[in-house]
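A.B. asks: Hey, can you work out the whole structure from these sequences and the hints?
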Amino acid sequence: MIVWIVLAVIAAFIVLYVIATYNSLVGLRNRVNDQWSQIDVELKRRFDLIPNFVNTVKGYAKHESETLEGVIAARNSYLSAGSKEDAMNADNMLTNTLTKLFALTESYPDLKANENFLELQRQLEETENKISYARKFYNDTALQMNNKVDMFPSNIIAGLFKFNKVEFFKAQEAERENVKVEF
Numbered sequence: 001m002i003v004w005i006v007l008a009v010i011a012a013f014i015v016l017y018v019i020a021t022y023n024s025l026v027g028l029r030n031r032v033n034d035q036w037s038q039i040d041v042e043l044k045r046r047f048d049l050i051p052n053f054v055n056t057v058k059g060y061a062k063h064e065s066e067t068l069e070g071v072i073a074a075r076n077s078y079l080s081a082g083s084k085e086d087a088m089n090a091d092n093m094l095t096n097t098l099t100k101l102f103a104l105t106e107s108y109p110d111l112k113a114n115e116n117f118l119e120l121q122r123q124l125e126e127t128e129n130k131i132s133y134a135r136k137f138y139n140d141t142a143l144q145m146n147n148k149v150d151m152f153p154s155n156i157i158a159g160l161f162k163f164n165k166v167e168f169f170k171a172q173e174a175e176r177e178n179v180k181v182e183f
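Under my numbering, the first residue of the sequence shown is numbered 1, with each subsequent residue one higher.
Simulated from the structure, these hints should not be mistaken for lab results. Some hints could be false.
Think about it this way: if two alpha-carbon atoms lie no more than 16 Å apart in a straight line, the pair counts; the simulated EDC-like pairs of lysine to aspartate or glutamate are [said to hold, decoys possible]:
1) Lys136 - Glu42
2) Lys44 - Glu128
3) Lys162 - Asp150
4) Lys100 - Asp150
5) Lys136 - Asp40
6) Lys148 - Glu167
Restraint-style ranges between C-beta atoms, simulated for each label pair [what the hints assert, rightly or not]:
7) Val41 - Val3: 55 to 61 Å
8) Asn116 - Asp150: 46 to 52 Å
9) Gly27 - Phe47: 28 to 34 Å
10) Asp34 - Val3: 43 to 49 Å
Only a predicted model underlies this, so the values are computations on that prediction, with no experimental measurement involved. Think of the CB as a built atom: it goes at the ideal place given N, C-alpha and C, for glycine as much as any other residue.
C.D. replies: Take a look at the structure:
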């Protein structure tokens, strides 16, 4: 009789552990998806600002079409991305082209004094900061998920229910290089 009670308590403990771990994994997966959506919201805001920004710059920098076309091409590549990894790569490309665009605007004093340009630049910079924070939160949540998927004994439950590790939002190689400043 005591053996059956002990076995029942052990079985109940195992069942409760499996349920708690499964629910924790589902919660983390949903948080990862939520954090990705937060990045997406900020990227949408950035995409809405870019055409106005490009058109403002276009009026002043007519012969800089290569940079302007690069920004639009990078924006479009994000919109057509099929997976999170493709979206991350396209976003990194867009960030690089926007950096070039901001550098380009330094050559045009009249443009830098334009009120519309300054407001758009402020909004884009604010959006870039929000994107940066959203990426950080996404990566923090991805780390929690990946730890849960990898660590014993939760990795057993993760394997049984086919929970997978998620990709971190990474910087491209070009963003890791030292910046050259020349005067």
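A.B. asks: Indicate, hint by hint, whether the structure satisfies it.
C.D. replies: Evaluated hints:
1. For the hint pairing Lys136 with Glu42, the CA-to-CA distance comes to about 13 Å; that is within 16 Å, so the pair holds.
2. With a C-alpha separation of about 11 Å, the suggested pair Lys44 and Glu128 falls inside the 16 Å cut-off, and the hint holds.
3. Straight-line distance between C-alpha atoms of Lys162 and Asp150 comes to about 12 Å, which keeps the hinted pair within the 16 Å bound.
4. Using a Cα cut-off of 16 Å, the hinted pair Lys100 and Asp150 is violated, with the two alpha carbons roughly 40 Å apart.
5. Of the pairs offered as hints, the one joining Lys136 and Asp40 holds, with about 13 Å between alpha carbons and a cut-off of 16 Å not exceeded.
6. At most 16 Å may separate the alpha-carbon atoms for a hinted pair to count; Lys148 and Glu167 meet this at roughly 14 Å.
7. A hinted range of 55 to 61 Å for the beta carbons of Val41 and Val3 is consistent with their spacing of about 57 Å.
8. A beta carbon spacing of about 50 Å between Asn116 and Asp150 agrees with the range 46 to 52 Å that was offered as a hint.
9. Gly27 and Phe47 have their C-beta atoms about 30 Å apart, which keeps the hinted 28 to 34 Å range intact.
10. Distance hint check: the CB atoms of Asp34 and Val3 are about 46 Å apart, consistent with the given range 43 to 49 Å.
Of the numbered hints stated above, the single one contradicted by the structure is hint 4.
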